[in-house]
Amino acid sequence: MNEIKVKVKDLSLWYGTNHALKSISMDIPEKMVTAFIGPSGCGKSTFLRTLNRMNDLIDNVTIDGEVCIDNINIYDKDIDVVNLRKKVGMIFQKSNPFAKSVYDNIAFGPRINGISQKSILDEIVERSLKQAAIWDEVKDRLFNSALSLSGGQQQRICIARSLAVNPEIILMDEPASALDPISTAKIEELIHELKKEYTIIIVTHNMQQAARTSDLTALFYMGDLIEMNRTEVIFSNPAKKQTEDYISGRFG
Amino acid sequence: MARGTGKVAKSDIVTFNKKKFRFSDWFAEKVIKSVAFLSIAIVILIFVFVFREAFPIFRMDKKVAASSELMVQESYGGSDSGSTEKVADNQVGNSNKTQTPGDSPSSTLLSKTWMPVSDNPRYGMLPLFLGTLKVTLIALLFAAPLSILAAIYTSMFAKPRIREVIKPVIELLAGFPSVVIGFFALMVLASVFQNIFGYASRLNSFVGGIAMGLAAIPIIYTLTEDALTAVPKTFTEASLGLGASRRQTAFYVVLPAAVPGIFAAVVLGLGRIFGETMIALMATGNAAMISMNPFDSVRTLSATIGAEMAEVVFGDTHYNVLFLIGSLLFIFTFALNALAEFYFKNMVIRKYQSKK
Amino acid sequence: MNRNLKDTIVEGITGVSVLLIIFIIVSILAITIVGGWPKLNWTFLSEFPKDGMTKGGIFPAIIGTAVMTIIMAVAAVPFGVITAVYLAEYASEKSVVAKTIRFAVKTLAVVPSIIFGLFGLGFFIGFIGKNMDGLLNGGVLKWGQPNILWASFTMALLTLPVVIVSVEEAIRTIPREMREASLALGATKWQTIKSVVLPGSISGILTGTILAVSRGAGEVAPILFTGAAYFLSTLPHSLNDQFMSLGYHIYIMSTQSSDVDATLPIQFATTLVLLLLTFSLNAVAVVLRYRIRKRAK
Ligand SMILES: Nc1ncnc2c1ncn2[C@@H]1O[C@H](COP(=O)(O)OP(=O)(O)OP(=O)(O)O)[C@@H](O)[C@H]1O
Ligand SMILES: [Mg+2]
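Chains as they are written, first to last, in this note's numbering: chain W, 981 to 1232; chain H, 7 to 362; chain Y, -6 to 290.
Some clues are possibly wrong.
Rough simulated footprint, nothing fancy, chain Y against chain H, three-plus residues with beta-carbon under 8 Å [claimed, not checked]: (1) 41 to 54; (2) 123 to 136; (3) 273 to 283; (4) 294 to 302.
To be clear, the hints were calculated from the coordinates, so they are not data collected in a lab.
Even glycine gets a Cβ: it sits at the ideal position worked out from N, Cα and C.
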C-alpha cells in the first residue's frame, strides 16, 4: 500500500439539522484510485466535497472533525482554501465546461494563477489535453466553443481543465454517469492512466466500474462508512453483511 | 518555466497551510460592499436634503427682508423666455414679491388658499391635498379594477399562447413616458371626454385621473398577475379536480389566496399615481381650488412642485414650502412601499405556509 | 343563474378589460403616429427650432436627450452592476445589511420622480455645486446652477434600481455548477466573479442599461429644474451647460407655447420621436430579457 495522502478523522457534517455524515474516519493512499459506493443519498457526494471544502459554499453547513491532507488539517482556521482547491481538483457529475473555447477552458486555471505568456499556455493546454486523452479529437478546434463537443468529450475537457492546474488529488463525482458506454470506457481508461501521477477519489453508482477502476472501495450507508477495504476484498469477501447485500444488489 | 511538464510542478509548490493575502480579492470585496451601501446612502441623503430645504418653514422668525434682497435673478429651470403659466394665480412674476410681516408662512399652511405668488402669499395646502386625493381616487377607481380583471383573464382564462401576447403588450404601457401619456390626455382624452360629458374646463381631475390611471395600469396588472400565478398550482388543480369551473376556481380559490399580493399591487400603483407629476401638470388644469366636482380643474401636490419650482427663488419661503410638499410626498410613498414590502409580503408568506 | 352562463359572463368581462387596455395602448400609438408622421423627416430631426419654436426641428432636443442619457448610463451602470453583484454574490439572504440594501433599492424604485428633481436641486446644485463654486471659483456661479451634469446624475439615481434589478436577475440565472467549476480550479471569489459571473451576465447588464436609458430618455420631472432648458440656440458644449430634451420639449410646447395650435404637428412629431425611441429600446430589452429567462429554465 502506498503512503497515506488523505487522513479523515471523525468527520461529521450537518445540513441544518440533517446529520449527513456521521463520524467518518478513513485513510486514502497516494496514487491509487479509491471508490465510494452506496445507495443514493447516503452522503458520498457530501463526503467527497468535504475533501476540497466545496461545502463551504452552502449555507447552514456544520462540519466537525478533521481531514488531513499531507498531514495538514484542511479545516484548520488558517487554511488557504483557494490554494487547497488548486491541490485538490474536482470533476463533477454533470460536465460543466465554461461557455468559452476549448483553449480558454483549459487555460482558465493557469491564467488565474497569473500565467499569461502564450507559449507557456499553449504548452499547458496541449499537455493537459493529451493527458486527458482528448488532444487528437480537439486539436483542430481548440478555438471552438467547448459546449459544441459531445458529453463525453466535454467531461474529458473538464478533466483536462483540472489537470492544467497541477493538482495532486482529483475528486470525481460520478464522472461517467451521464455518458454512453464508449465514453465511459474512455474515462475509465483515463483514470487508470492518471493514477500513476495523481491520487484519485471517485464516487460511482456503477458497481462494475468500481470493481474495474479502483484499488480501494468504501461503502457508505445513511451517512455512515460501513466498510472500506481493497476492492478485491470488498467484492469477493466483505466483512459486513450489509456490504455483501449491497454488492449483490439486495438493497440500494 | 515551472510548469513545463506535470512532474516539475513541485518547484512552484502550492501550499495551503497558511492563509494567503490576495490584494485584488480584498480590494474588490471592499469596493463592492461600499458601493452596495450607496443605495442606502442615497435614500438617506434624499431624506436629509429634501427635509433640510423644507425645514426653515418652521422657524417663525424667518428673515423676510433678507430673503427679498436675494430675490434678484436666481430663477431656476429652463428660462430663456420667461415661461408663461396658463393658470391665473401663477402669472405674477417673481420680482414684485414681498411678504407682509406678521403673516408667518407656517400659519397659512393649513389655510384654504394656495396663493404663493402675491403681495400677501398664502401657502394653504388644503386645495392641493384635496386635488391630489380626488385625482388619485379617480385614477385608482379606473386602474385597479381594470388591471385586476385583466390580470385574472391573463392568468386564469387565457390560453398560454394568448397570454404570451397579452402580457408583453400590456407591459409595453409601462415603457410609455408619462409625458407621452400626458400629451395624449391633453390632446385627445380631454376633448373626447368633453364631448361625452360636456364639462366646462377642458382639463380637470377626471381627465388627469384617467391618464394617471393609465400610468398605473401596468404596475397593478403585472404585480397582480404575479400574485395570481404565485398561488400554488396544487390549489387550482384540487379545485378543478373537485369539479369547480375555472371561474369558480378563480374567484373562490385563487383570488382569495392572492389577496395580499393584489393589495400590494394596488398600493404600489397608488404610490405611482400619487407621485406622478408630468401627467398632473399637463392634464389636470392646475387650478388650486376646493371643489368636489370631478370635472373641475385641480392642482396636485407633485404638479405644484413641478410648476412652481422653476420660478421660485432659492431659499425663499415659497421654495421651502415646495420642499415641504416634497417631503410629504416622499414620506407617503416611502410608507406605502414599506407597507407593501413588509406587511403584505408577510401576509402572503404566512398564508401559503399555513396551508402547506 | 345558470353556472355556464355565469362562467361565460365572467370570462367575458375580464376579457373585455384586457381588450380595453390594449385598445388604449393601440390608440396612443396610432394617434401619435398619425399626428406625427407627416412632419417626421430628416429636416425635422436635423434642424434647430426656428421662429419662436413654431418652425424648424428638434435637433438640439435629440442631442440633449442622447448626451444626458449617456452621462446617466455611465454613472448608473457601474454602480448598478456592482450593487447587483453584491446582492447576488456577497450578501447572505438573511443578513440585515442585505435586506436593508434591498429595501433601499425598492424605495428608490418607487420614490416619485419629482422627488429626485428636488433632491438634485437641493443636493447637486444647492450643496455640491454651490460648494464647488465656493472652493474652486471663489463664489462665482458656475456649478451651483442647473446643468446637464446634474440632470444626468439626478436621472442616474432614478434609473439605478432598473439596472440593479436586471443585472441581479441575470446573475442569478448563472448555474451554480459554473461557479463551482471555477472555484474548484482554485479561482478566488473575485476571479470567479470577474471571469465567470460577469461575462455570463453581459446580456443582463445590457438589458439593464437599455431599460435605464429608455426610462431616462422619457422622464421629465427630474430634469425640470436640474438642467433642462426651454430653448437654446446652441448645443451644450460643456458639462455645466443646460440642455434641451425631447420630453421637456413636448411638455413645454403642449402647455406653454405661445401658439399651441400652430405647433401641433411639431408636438406630435416630437412625441412620436420620443415614443419610437423608448419603444424600440424597450423592445430590445424585452427580447434580451426573454432570452435570459429562457436560459434560466
Ligand atoms: N445542499 C444541500 N442542502 C441540504 N441537504 C443536502 C444538500 N446536499 C445534500 N443534502 C442531503 O445530504 C444527504 C446526502 O446527500 P449526498 O448528495 O451526499 O448523497 P449521495 O450519496 O451523493 O447521493 P447520490 O448518489 O444520489 O448522488 C442527503 O440526505 C441529501 O438530501
Ligand atoms: Mg451524489
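Hints, one by one, checked against the model:
1. 41 to 54: holds (count 10)
2. 123 to 136: violated (count 0)
3. 273 to 283: holds (count 7)
4. 294 to 302: violated (count 0)
In this structure, the hints that do not hold are numbers 2, 4, in rising order.
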